[in-house]
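Novice: Residue numbers (my numbering), protein chains in the order written: chain A, 75 to 723; chain B, -12 to 69.
Take these hints with a grain of salt, some might be off.
Unchecked claim - Chain A residues, not near chain B, derived (Cβ > 12 Å throughout):
{"no.": "1", "residue": "K90"}
{"no.": "2", "residue": "K119"}
{"no.": "3", "residue": "N168"}
{"no.": "4", "residue": "I236"}
{"no.": "5", "residue": "A239"}
{"no.": "6", "residue": "L275"}
{"no.": "7", "residue": "A445"}
{"no.": "8", "residue": "P499"}
{"no.": "9", "residue": "I533"}
{"no.": "10", "residue": "F548"}
{"no.": "11", "residue": "G624"}
{"no.": "12", "residue": "N625"}
{"no.": "13", "residue": "V671"}
{"no.": "14", "residue": "H690"}
Stated by the list, open to error - Here are the simulated distance ranges between beta carbons:
{"no.": "15", "chain 1": "A", "residue 1": "T299", "chain 2": "B", "residue 2": "E39", "range": "40 to 46 Å"}
{"no.": "16", "chain 1": "A", "residue 1": "S131", "chain 2": "B", "residue 2": "A19", "range": "52 to 58 Å"}
{"no.": "17", "chain 1": "B", "residue 1": "K25", "chain 2": "A", "residue 2": "E297", "range": "56 to 62 Å"}
{"no.": "18", "chain 1": "A", "residue 1": "K460", "chain 2": "B", "residue 2": "A19", "range": "46 to 52 Å"}
{"no.": "19", "chain 1": "B", "residue 1": "N38", "chain 2": "A", "residue 2": "A597", "range": "44 to 50 Å"}
{"no.": "20", "chain 1": "A", "residue 1": "I478", "chain 2": "B", "residue 2": "L65", "range": "25 to 31 Å"}
Quick caveat, the hints were computed from the structure, so don't treat them as lab data.
All residues carry an ideal CB built from backbone N, CA and C; glycine is no exception.
Now for the letters of each chain:
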Amino acid sequence: MSRPKEMTRAVIVGHKSILKETIDSLHDTNLFHIEDFVEDESGFKISKPLKNAEEVSKKLVKIRSIANYLGIVKKEPVVQKTDSVLRDLDSKLNELDRAIATKTESIAQLDNELKDLDSQKREILPYLSINLDFDDYRGYESLKVFAGMVKGSLDGSQISSITKAYELYYDPQSKAVVLFVAKSDADRVYEVLQDLGFRELRVPERGGVPSELLRFIEQKEAEVTRKIESLRVDIESLKAKYADFILASDEILSIESQKAELPLRIATSANAFIIEGWTPTEDYDKVVSAVNSATNGKAYVTSLEIDEEEEEHVPVEYNNSKIAAPMQQIMDLYSRPKYTELDPSSVILITFPLMYGLILGDIGYALILGAIALAVKKAVKSDAVKPLMDILIYCQISTFIFGIIYGEFLGFSLASLHTAHGVVPGLIPGWETIVLFEGLGGEEFTFPVHRTHMVMTMIAATVTIGLLQLNLGFLLGFANISRHHGMKHAVLEKGSWLVIQLGALVAAIGYLGGNSGLAYVGAGILVLGIVMLTMGEGIKGPIELPSLMGNALSYARIIAVGLSSIYIASTVNDIAFEMIWSDHSKIGFLAVAAILVFILGHALNTVLSIIAPGLHALRLQYVEFFGKFYEGGGRKYNPFGYIRKYTEE
Amino acid sequence: MVGEELVGGPFLDADGMKALGAALAITVTGLASAWAEKEIGTAAIGAMAENEGLFGKGLILTVIPETIVIFGLVVALLINSA
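Okay, chain B solo, but in the shape it has when bound:
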């Protein structure tokens, strides 16, 4: 298996790999959420400048990608408790 020499090797044991996997799950999904929210948030602020009544809609659309990082967190917790 690729990377087998790493597991149990001098660098990382199985727990270390798990921790790294959990960290990756959070990091990548966090970046993805941030990226998506940045794009939507900018547009939402622009729309709100025109019409303040759009705050509710803007907020909703902006936080929709938040789900990505929540899934990442769930996966990280699953990895950790498995």
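Just chain A, same shape as in the assembly:
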């Protein structure tokens, strides 16, 4: 159980001439959470960005647009020296910019050319079957040329009924038609053509035979496409050549722009500046000495008192061991603890995998998922994925342990079980189930625990586990409240719940044992608890009483979800084995299919085994457990600085 890191409120005051040095030193330490200054009546104003801000952000925009265009992705970092990158930054950036600009420009030009060729091609295509030189379509004084498409079918007789002086080119397949007639007959011929649904087409302006033109255009198209391809290859090689430079300079420029824009977040007067913020108390001295050495002691650094009202708004940094640290992800997903609260990360380090293991409890799935988690953790370097895999590994350890307790492997029972209907053999010969004691409803509590045969007992057991966790929640709530509002409040608000449960327990024991005296004592304690609760929380306390039962019963999901997972697994097993037994063919086709069913079925259940137990175990923490003590809503401690990946000083 831990509290968030203790924070110190610090103020740095100095003359504007040392502002840049101060900013640099703070940025390098990466330990100071700067509180944004809001202008008020004090007369202080936020300042203007440093001089280089505009230039830096211009370059940053340029480099990011280039990175975006080239599709540069984050990769294994090649660490470079900051000054060497900075020295070549301008020249390299311009060089790169120019190279890309000329290449994209010529690509755009070639693209246009390609489009142009395409439209030319489309103009020619209808005339392809007629294959007359386009120059023959033009330049007649007494001839009219009809060139186009018809819908109906055309033959010479329709024209020859009007005039004998004509020349017709007609392709019955494409329905393209070119008709030469005397101008004097043109009107009448046109009427005939119109009846056939004639649509005039433009005659391409260039001369030449269509088939030759087409070949020429296609050649040219291929040539242009080749050029575009080679340009794209050039751009790819640019990407390979400059990727490291782009990533490094993006990082350097981001850092510079962060620094350059800091004056917008702090209070300044004509000649002085004030930077206010938070640093972990353990690092306060580091911050002071860093600022002092950077400014030769010209800046004044001091710590301030934190009053109680402010405590709520102190930025929160977790303070957990390496083992519990992955659980912070689960906390952040809900809400970061407040500065004044207990940080339950180390509690859910135990309870979350415990619930997960109780639900899944299968050696086979634990091994599969554990191997997957380890492999993903090795393969993926992302900082966001690693903690999740750590959590998954914790869960699988717990699943493995409960797998032994339940004696389950991929839905098979490992130990043999003697029931009223006969012996159910187990996977491991010689492992017999031992009866430990009588369970509920005529069931027997055994080792290993056969969940499918002792549902009632397991419901009672899981609800009991739930009650234990809920009471742990009340105790944590007790600690939170007694620290900030005193013991009396803690006893009334959280202690009362314990008293109520004690009363109910005593009354139940008395009632069931036939001891009416004890039952009355229990009832008395119960009433006392309810009165305390009403004093602590007002009328909403007793209203919430039934929720305790709901919350406890909600833990029955542990066995319920677990059973569904077993049933899916054993159904897959049953189907696969029945297929194998019923397979009398020599080829063994069904046996192969059975293996497929087995693998696919268990693959499906493996995926479900992350989602279902994970979500339900998570929900038990978030809703039932946290509901008893946790508020959350803390601000993230976000120090002014940058974690360098691609560069170093």
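Starting from the known structure of chain A, arrange chain B on it as the hints suggest.
Specialist: Then chain B, alone, in the frame of chain A:
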């Protein structure tokens, strides 16, 4: 008793009625959970589109009605083992 002629009749024996009762308990509570979660889930997704930080809260609120079907399941198991 209403339905007495059914019990032990040609359609359902006592075990059949029990199975049917258990099935009803699961079905109805399952539908109820689904209905409630649908409404909450839509709103939660909408809120998450505005602010991704609400994932945790959205998840919690969405799964709260899940308790209904868990109770249904418990009742079904009780019916079956009684």
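Novice: For every hint, state whether the structure bears it out.
Specialist: Verification of the hints:
For K90 of chain A, the condition that its CB be more than 12 Å from all CB atoms of chain B holds, with the nearest at approximately 37 Å. The claim that K119 of chain A is not at the interface with chain B holds, since no C-beta of that chain comes within 12 Å of its own (minimum 31 Å). At roughly 38 Å, the least C-beta separation between N168 of chain A and chain B is larger than 12 Å, which holds for a residue marked as non-interface. No beta-carbon of chain B is positioned within 12 Å of the beta-carbon of I236 of chain A; the least distance is around 71 Å.
With 12 Å as the threshold on Cβ separation, the claim that A239 of chain A sits away from chain B holds: the shortest Cβ distance comes to roughly 75 Å. Residue-level check passed: L275 of chain A sits 52 Å from the nearest beta carbon of chain B, beyond 12 Å. With 12 Å as the threshold on Cβ separation, the claim that A445 of chain A sits away from chain B holds: the shortest Cβ distance comes to roughly 27 Å. Interface exclusion of P499 of chain A from chain B stands, the closest Cβ pair being 24 Å apart, more than 12 Å.
The claim that I533 of chain A is not at the interface with chain B is violated, since a C-beta of that chain comes within 12 Å of its own (minimum 6 Å). At roughly 19 Å, the least C-beta separation between F548 of chain A and chain B is larger than 12 Å, which holds for a residue marked as non-interface. Residue placement check: G624 of chain A does not keep its beta carbon more than 12 Å from all beta carbons of chain B (closest about 6 Å). Listed as a non-interface residue, N625 of chain A fails to keep its Cβ farther than 12 Å from every Cβ of chain B; the least gap is roughly 9 Å.
The Cβ of V671 of chain A lies farther than 12 Å from every Cβ of chain B, with a closest approach of about 26 Å, so its non-interface assignment holds. A cut-off of 12 Å between C-beta atoms contradicts the statement that H690 of chain A is not in contact with chain B; the least separation is 8 Å. Between T299 of chain A and E39 of chain B the Cβ separation comes to about 43 Å, which falls inside the hinted range of 40 to 46 Å. Look at S131 of chain A against A19 of chain B: about 55 Å separates their beta carbons, and that is inside 52 to 58 Å.
At roughly 59 Å, the beta-carbon separation of K25 of chain B and E297 of chain A lies within the given 56 to 62 Å, and the hint holds. Distance hint check for K460 of chain A and A19 of chain B: the Cβ-Cβ separation is about 40 Å, which falls outside the suggested range of 46 to 52 Å. Range check, N38 of chain B to A597 of chain A: Cβ separation about 48 Å, and the 44 to 50 Å hint holds. Roughly 29 Å separates the CB atoms of I478 of chain A and L65 of chain B, a value that falls within the hinted 25 to 31 Å.
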